[in-house]
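Residues per chain are reported as follows:
2 protein chains.
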Amino acid sequence: MALNKKPATGMKDILPAEMQIRDYVIGVIKDTYGRFGFTSIETPAVENIENLTSRQGGENEKLIFKILKRGEKLDLETARTESDLVDGGLRYDLTVPLVRFYSNNAAQLPSPFKALQMGNVWRAERPQRGRYRQFMQCDIDILGEASNLAEIELILATTTTISRLGFKNFQIRINDRRILKAMAAYAGFAAEDYDSVFITLDKMDKIGRDGVRAELEAAGYASEVCEKYMALFEAVEQADNGVAYLREKLADLLDGEVMDSFTEILDSVEATKADTFELVFDPALVRGMSYYTGPIFEIVMPEFGSSCGGGGRYDGMVEKFTGSSVPACGFSIGFERIVMLLMESGFQVPDRPEKTAFLIEKGVSGQALRDVIARAQEERAKGRQVLVVRMNKNKKFQKEQLTAEGYTEFQEFYKDPLKA
Amino acid sequence: MALNKKPATGMKDILPAEMQIRDYVIGVIKDTYGRFGFTSIETPAVENIENLTSRQGGENEKLIFKILKRGEKLDLETARTESDLVDGGLRYDLTVPLVRFYSNNAAQLPSPFKALQMGNVWRAERPQRGRYRQFMQCDIDILGEASNLAEIELILATTTTISRLGFKNFQIRINDRRILKAMAAYAGFAAEDYDSVFITLDKMDKIGRDGVRAELEAAGYASEVCEKYMALFEAVEQADNGVAYLREKLADLLDGEVMDSFTEILDSVEATKADTFELVFDPALVRGMSYYTGPIFEIVMPEFGSSCGGGGRYDGMVEKFTGSSVPACGFSIGFERIVMLLMESGFQVPDRPEKTAFLIEKGVSGQALRDVIARAQEERAKGRQVLVVRMNKNKKFQKEQLTAEGYTEFQEFYKDPLKA
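Heads up: the sequence lines are chains P and B, in that order. Under my numbering, residues 33 to 452 are what the first sequence spells out, in order. Under my numbering, residues 33 to 452 are what the second sequence spells out, in order.
In case anyone wonders, no lab produced these hints; they're calculated from the structure. Check before you lean on any hint, since a few could be wrong.
Any copy, or any two copies together, can satisfy a pair, since identical chains are not distinguished.
[To be verified] Here are the simulated lysine-lysine pairs, DSSO-like style, with alpha carbons at most 30 Å apart:
1) 44 x 414
2) 38 x 101
3) 235 x 105
4) 425 x 387
5) 38 x 213
6) 394 x 238
7) 37 x 62
8) 213 x 281
9) 305 x 101
10) 427 x 62
11) 200 x 105
12) 431 x 281
13) 213 x 431
Can you build the whole structure from these sequences, using the hints too?
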C-alpha cells in the first residue's frame with residue numbers, strides 16, 4: 033500500500049521560501065528581545081495531561097491533542113473514559129508550560145526572570161484556510177516583577193520588534209481586567225455574570241454598541257443595566273481623557289492606585305515609543321483567558337482585521353503550581369500572522385549572501401572532480417554559498433531554475449577542458 | 033489540588049545557559065549548511081499514524097507517542113485495539129517526514145533538492161540519564177542526486193560544520209550496505225539471515241571479533257561460516273588497502289562500479305577534507321535502519337564512546353509514497369550530544385554583546401521613570417543589551433547576581449538625584 037503523502041489533517045509543510053522568511057523573523061525577534069534582557073528557554077511539546085486540563089487554558093482545553101498511555105499503563109479492557117487512556121497532551125499555549133517551568137526551576141533563575149519562548153503549540157481546531165493545527169507562538173514574559181515596569185517593558189519590547197520587522201501604523205490597545213470588572217459592576221451586572229458579559233463585549237469591534245446591547249438583552253440581562261453599561265462606554269469615548277473620566281466615575285469601585293499605575297503605563301509608553309504605532313485605551317478590550325488579573329493588551333494591524341498578538345498580567349498562576357504567589361506578565365506576538373503578512377507583501381529577506389552554482393558534467397571524476405570540490409570548499413570557507421551539482425542534459429533549463437532560486441553566478445566544469 | 037511542576041516523564045526543561053549554547057550551535061549549523069546550498073524546511077511534529085508504522089522506522093516504531101482520535105471519530109465502546117483509538121503520532125525521526133514532504137511538494141522543489149531540517153523528535157524510550165524522550169535532530173538530505181556527489185557533499189558539509197563548532201580528532205566511519213551484504217554472502221550466510229547477523233556485527237566495537245563470532249555461533253550459525261566471516265574482517269584490517277582487497281575478493285558478488293564509486297567517495301573526501309577528522313573505512317559499520325541501500329556513514333568522537341551522528345543512502349523510500357523511484361541520501365548530526373559536549377567543556381558562546389543593567393529605585397516614577405526608559409531605548413536602538421529592573425533592597429546581592437548573568441555595567445537611578 034502506498035503511504036500517505038499529505039501532512040496530518042490541518043497541519044502544513046513549510047517550504048524553503050517561507051522558511052527563509054521565518055528564519056529571518058526569528059532572528060530579528062531574538063536579537064531585539066535580547067536587547068531588552070530577555071533570555072530564551074524551552075519546554076517540552078508534551079505536558080502532563082492534568083496541567084493542561086486545569087482550567088488555565090479556557091476554550092483551548094477542548095482542543096488538546098491527547099497522548100495515549102504506553103505499555104502496561106494502557107489497559108483497554110478496564111478503560112471507561114478518555115482520561116483512563118491518556119497521560120499527556122501537546123501544549124496548546126506557552127503560558128501554562130512557562131509557569132510550570134518557572135515553578136520547577138525558580139531556584140536557578142534570576143529575579144525578575146525575563147523569558148523569551150519561541151515554539152510550536154497545537155490545537156485541534158476545525159481546519160480552515162490560513163489557520164493550522166500546529167503553529168508557532170512567540171512569547172515574552174516577566175516573572176517576579178510586581179510593578180508596572182513589567183507592562184511598560186513588554187509593550188516597548190514587542191512594539192520595537194514589530195517595528196523592526198517593517199510594520200507601521202499598527203495599534204496597541206490596552207485595558208485592565210479591573211477596569212473591565214468595575215465598569216460591569218457600575219452598570220449593575222452580578223460578579224458571576226462577568227465572564228458571560230465579557231464574551232459579548234468582546235464583539236464590540238464587529239457589532240458595535242447597539243449590537244452588544246441587543247445581544248446582552250437577548251441573553252436576559254435587565255434592559256436598564258445594559259443601557260447604563262453602553263452609556264458608560266459612550267461617555268468614555270466622548271471624554272477628552274477616558275482614563276481620567278473612569279477614574280472619577282468608578283472611584284467607589286476601583287482603587288485609585290490601579291488607575292495611577294495604569295496611567296503611568298500609558299504615559300511612559302507614549303513618551304518613549306516609536307512613531308510606528310499608536311497606543312489606545314480600549315475599555316471594551318477583553319482578552320479571552322480568565323487568568324488575567326490586571327492590565328491586558330492587544331496588537332491590531334491595519335493589514336489584518338483581527339488581533340495579531342496580545343498579553344497581560346496573570347499574577348495568580350504560579351501559586352497554582354507552588355502555593356506561593358509570584359507576579360507575572362506576558363506579551364505574545366502573532367508569529368504566523370506576521371509571517372503571512374510578510375509573504376503576501378512580497379517581502380525579500382535583506383542581505384542574502386551571493387550564491388554561486390558549480391555545474392559538473394557527468395563524466396568529470398577522479399582528480400578533476402576533486403579539484404572542483406576543493407575549489408568549492410575554498411569559496412565556502414570564505415563564507416560564500418556554493419552549490420555543487422551535476423550538469424543536466426538541458427543545461428539552459430537547469431540554469432533558469434537555479435536563477436529562480438537566487439543563484440547569480442555559474443561555473444561550468446567539463447570532462448574535456450577545451451569545452452569549458 | 034496543586035499542579036504538577038515537573039516536565040512530562042523523560043522530557044526536560046531547557047534553561048537559559050543551555051539555550052544560549054543551543055542557539056549558537058543552531059546558528060553555526062544553519063550558516064555552514066547554507067554555504068553548501070542546503071535550504072531549510074519544516075514538517076509538522078504530528079504525522080499520520082500509518083506512515084509512522086510502515087516499517088520504515090525499525091525499532092523506533094515501538095517507541096511512538098500516539099495521539100488519540102478526537103470527537104466523533106473516537107468510539108471507546110467499539111474500540112478493540114490501540115489502532116482503533118489513534119490517528120496520528122509524534123515523529124520519531126526526520127527522514128520519514130522528509131520523504132513524505134518531498135513526495136507531497138516535489139513539483140515546487142528544485143532537483144536535486146538539498147534539505148536542512150532542525151526539529152524535535154519523540155521516542156518513548158526507558159528514561160535514563162542524559163537521554164530524553166524529546167530531542168532535537170539535525171539532518172541534511174539530498175534527494176534526486178543518484179551519483180556519489182551526494183555522499184561527498186554530505187560528508188564535507190557535516191564535517192565542516194562539526195569542525196567550525198570546535199571539534200577536532202573525530203572520525204567519519206564509512207561502509208556500504210552492499211559491501212556488508214557481499215561479505216556476509218561470501219562467508220556463506222543466507223540472505224534472510226543478514227539482518228540478524230548485522231545486529232550482532234554491530235557490536236564489533238564493543239565485543240571484538242571473538243565476541244561477534246561467539247554470539248553468532250551461539251545463535252546457531254555454522255561454525256565454518258562464522259570463521260570465514262571473521263577471517264575476512266581480519267584480512268581487510270591487515271590489508272594495505274581494505275577496499276581494494278575486498279574489490280578483488282568479492283569480485284563475483286559485488287559490481288565493480290559499486291567499489292569504484294565507493295573509492296571515489298573516499299578519495300574525494302580525503303583530498304579536500306580539513307585535518308580535524310579522519311575518514312576510516314569500517315567494514316563492520318552497520319547503521320540500524322533497514323532502509324539504507326548504499327554507502328552508510330557515522331561520526332565517532334573521542335569524547336564520546338558511541339556514535340555522534342550518521343547517515344547513508346536510502347534510494348527506495350520515495351517510491352513507497354509516490355510509486356516512482358527517487359535517489360536519496362542523508363546525514364544526521366547528533367545535536368544533543370554536541371550541545372552536551374560543549375556544555376561539559378565549559379564552552380562560552382563567542383562575541384556576546386556587552387550587557388548593561390539599569391537599576392531603578394522603587395520611588396522613581398512619572399517623568400523620572402520616563403527619562404530612564406527613554407535612555408534604555410536609545411541604547412537598545414544602538415544594538416546594546418539593556419536590562420531595566422527595579423533596585424532590590426539588597427542592591428549588592430542583586431548586582432552580584434546580575435554579574436553572574438553576564439552584566440558588566442551598572443547604572444543606578446534614585447528618586448533623590450543627590451543619591452546617584
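Tested hints:
In this assembly of identical chains, the alpha carbons of residue 44 and residue 414 never lie at most 30 Å apart, being 36 Å within a copy and 38 Å across copies at closest. In this assembly of identical chains, the alpha carbons of residue 38 and residue 101 lie at most 30 Å apart whether taken from the same copy (26 Å) or from different copies (18 Å). Proximity of residue 235 to residue 105 under the C-alpha cut-off of 30 Å is found in neither arrangement, the shortest distances being 45 Å within a copy and 32 Å between copies. Taking the shortest alpha-carbon separations for residue 425 and residue 387, only the intra-copy value of 22 Å comes in at or below 30 Å, while the best inter-copy value is 56 Å.
For a Cα distance limit of 30 Å, the shortest separation of residue 38 from residue 213 qualifies neither inside one copy, at 47 Å, nor across copies, at 34 Å. Taking the closest pair of Cα atoms, residue 394 and residue 238 never come within 30 Å of each other, the shortest separation being 63 Å inside a single copy and 42 Å across copies. For a Cα distance limit of 30 Å, the shortest separation of residue 37 from residue 62 across copies, 27 Å, qualifies, whereas the shortest one inside one copy, 34 Å, does not. In this assembly of identical chains, the alpha carbons of residue 213 and residue 281 lie at most 30 Å apart only when taken from the same copy (13 Å versus 86 Å across copies).
Taking identical chains as interchangeable, the C-alpha atoms of residue 305 and residue 101 are never at most 30 Å apart, the minima being 50 Å within one chain and 47 Å between chains. Proximity of residue 427 to residue 62 under the C-alpha cut-off of 30 Å is restricted to the inter-copy arrangement: shortest distance 29 Å between copies versus 41 Å within a copy. When the C-alpha separation of residue 200 and residue 105 is checked against a cutoff of 30 Å, the pair qualifies neither within a copy, at 54 Å, nor between copies, at 45 Å. In this assembly of identical chains, residue 431 and residue 281 lie within 30 Å of each other by CA distance neither inside one copy nor across copies; the values are 71 Å within and 44 Å between.
Proximity of residue 213 and residue 431 under a CA criterion of 30 Å is satisfied in neither setting, with 64 Å inside one chain copy and 40 Å between copies.
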